[in-house]
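Just need the whole structure built from these sequences, with the hints factored in.
The residues making up each chain are set out below.
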Amino acid sequence: MTRKRRRMMILALALLGLGTATALTLSAFRDNIVFFYSPSDLAAKPPGGRTVRIGGLVETGSLKRDAGGLTVTFQVTDTAKSLPVTYTGILPDLFREGQGVVAEGKLGPDGVFTATELLAKHDEKYMPPDVADALKRAGHPGKPGDAAPTGAPVAAGEEHQTSTLRTNP
Amino acid sequence: MHRFANPARFLKIANAVLPWAAGLSAVCFAAGLYLGLIASPPDYQQGDTVRIMYIHVPAAWMSMFTYSTMALAAAAALVWKHPLAEVYAKAAAPLGAGFTALCLLTGSLWGAPMWGTWWVWDARLTSVLVLFFLYLGYMALVDAFDDPARGAKAGNILLLVGAVNVPIIKFSVEWWNTLHQPASVFRLGGPTIAASMLWPLLLLALAFQSYFVAVVILRIRAGLAARRVQTLRLGQTG
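Line by line, the protein sequences give chains C and B. According to UniProt numbering, the first sequence holds residues 1 to 169 in order. According to UniProt numbering, the second sequence holds residues 1 to 238 in order.
Possibly wrong hints are sitting among the right ones.
To be verified - The calculated SDA-like cross-link candidates involving lysine to any residue, where the alpha carbons are at most 25 Å apart (straight line), are:
#	chain 1	residue 1	chain 2	residue 2
1	C	Lys4	B	Val164
2	B	Lys153	C	Leu13
3	B	Lys170	C	Leu15
4	B	Lys153	B	Pro167
5	B	Lys170	C	Ala12
6	C	Lys4	B	Pro148
7	B	Lys170	C	Ala28
8	C	Lys106	C	Gly48
9	C	Lys106	B	Trp118
These aren't lab readings, by the way, just hints derived from the structure by calculation. Here the structure is a predicted model, which is why all the values come from computation and not from measurement.
And the structure:
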């Protein structure tokens with residue numbers, strides 16, 4: 001009985017030590033584990049000439065397509081700050097205004113972010129189109145166009161944004 | 001609890017459970033696949049691509065469930081020396097690796113059209129890939145020793161060390177910003193998934209779970225038989 005208890009104590013202590021070590025390591029490398037920076041992060045810590053990823057919502061009404069070309073320009077916002085982005089290439093299916101986006105590229109001296117790769121990010125909400133329409137009619141921003149980056153009136157809208165926009169806690 | 005660690009008593013219960021688990025799995029797979037792939041509505045953002053979720057999410061849940069039970073079995077094997085615990089971990093490992101591979105493959109197929117990439121090194125995807133390697137490493141390690149007891153012990157320690165990865169997978173989407181979206185079902189404040197899509201998902205989760213129970217019973221039975229053969233052989237030569 002005592003040997004079993006001793007083995008259990010050793011095991012518990014070893015796991016506790018391992019857990020603590022992992023937690024410390026992960027929190028030390030926190031800045032390196034994040035997949036992207038928000039426009040506010042970028043404003044606080046300018047990347048210089050480095051290639052970085054930025055993420056946020058595509059600001060509603062900001063998307064402009066080059067006539068006949070593959071180049072698009074839009075604003076990426078985290079509701080506090082926004083950043084102009086230009087990208088040439090094929091857009092992912094989910095890329096649209098009001099939706100999350102992650103762009104990899106470089107920040108130019110003129111303050112325009114030139115993306116070489118563009119990824120769409122979706123939120124954790126799943127619903128059939130008719131439910132989304134009903135929510136829209138009821139005034140909830142269920143549809144992407146309604147999830148305006150600023151001044152979303154209802155709680156559901158706030159939640160929608162924070163989940164897509166989650167930044168470094 | 002320790003009563004059931006007796007292999008003979010366990011086999012008696014397991015043999016009774018086996019046909020029920022297999023039957024439940026078949027029924028849930030049929031109903032869940034019909035509901036998920038045909039009868040459920042498309043998503044308002046993702047259209048029909050969302051149907052990948054009905055395979056991807058249960059596979060992901062099972063990959064973490066299987067690893068967690070293996071880690072618990074490893075702890076029981078190290079503390080109480082239950083022989084059944086080691087047999088369980090060995091029996092469950094290829095199943096867990098299969099679930100993880102399925103999760104990674106379907107995730108990649110889903111990411112390509114929706115995100116615009118097959119793979120990114122964000123915290124969620126990377127930690128699940130680490131889980132896959134833990135399964136492979138465990139399977140390689142337990143059979144790498146001439147003495148099966150030493151192999152099992154080394155494997156148990158690896159399983160316990162790797163257990164720190166399970167909460168990292170679960171909370172990676174909360175702790176860091178990732179390309180992968182946060183949890184939709186097991187979250188504070190309830191699921192953010194419409195009921196017409198949640199039901200097929202839960203049915204398929206039950207199908208995966210009962211499939212796992214049925215197959216792991218078969219594999220434990222084979223593992224116990226292999227142990228008995230080995231003991232008899234040792235008795236003959238020694």
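Against the structure, the hints come out as follows:
1. Restraint check for Lys4 of chain C and Val164 of chain B: the C-alpha separation of about 23 Å stays at or below 25 Å, so the hint holds.
2. For the given pair, Lys153 of chain B sits about 18 Å from Leu13 of chain C by alpha-carbon distance, which is consistent with the 25 Å threshold.
3. For the proposed pair Lys170 of chain B and Leu15 of chain C, the alpha carbon gap of about 18 Å is at most 25 Å, so the pair holds.
4. Of the supplied pair hints, the one linking Lys153 of chain B and Pro167 of chain B holds, its CA atoms being roughly 23 Å apart against a limit of 25 Å.
5. Note on Lys170 of chain B and Ala12 of chain C: the hinted pairing holds, with a Cα-Cα distance of about 22 Å set against a maximum of 25 Å.
6. With a C-alpha separation of about 22 Å, the suggested pair Lys4 of chain C and Pro148 of chain B falls inside the 25 Å cut-off, and the hint holds.
7. For the suggested pair Lys170 of chain B and Ala28 of chain C, the alpha carbons sit about 19 Å apart, so the restraint of at most 25 Å is met.
8. With a C-alpha separation of about 8 Å, the suggested pairing of Lys106 of chain C with Gly48 of chain C holds against the 25 Å cut-off.
9. Simply put, Lys106 of chain C and Trp118 of chain B have alpha-carbon atoms about 22 Å apart, close enough for the 25 Å limit, and the pair holds.
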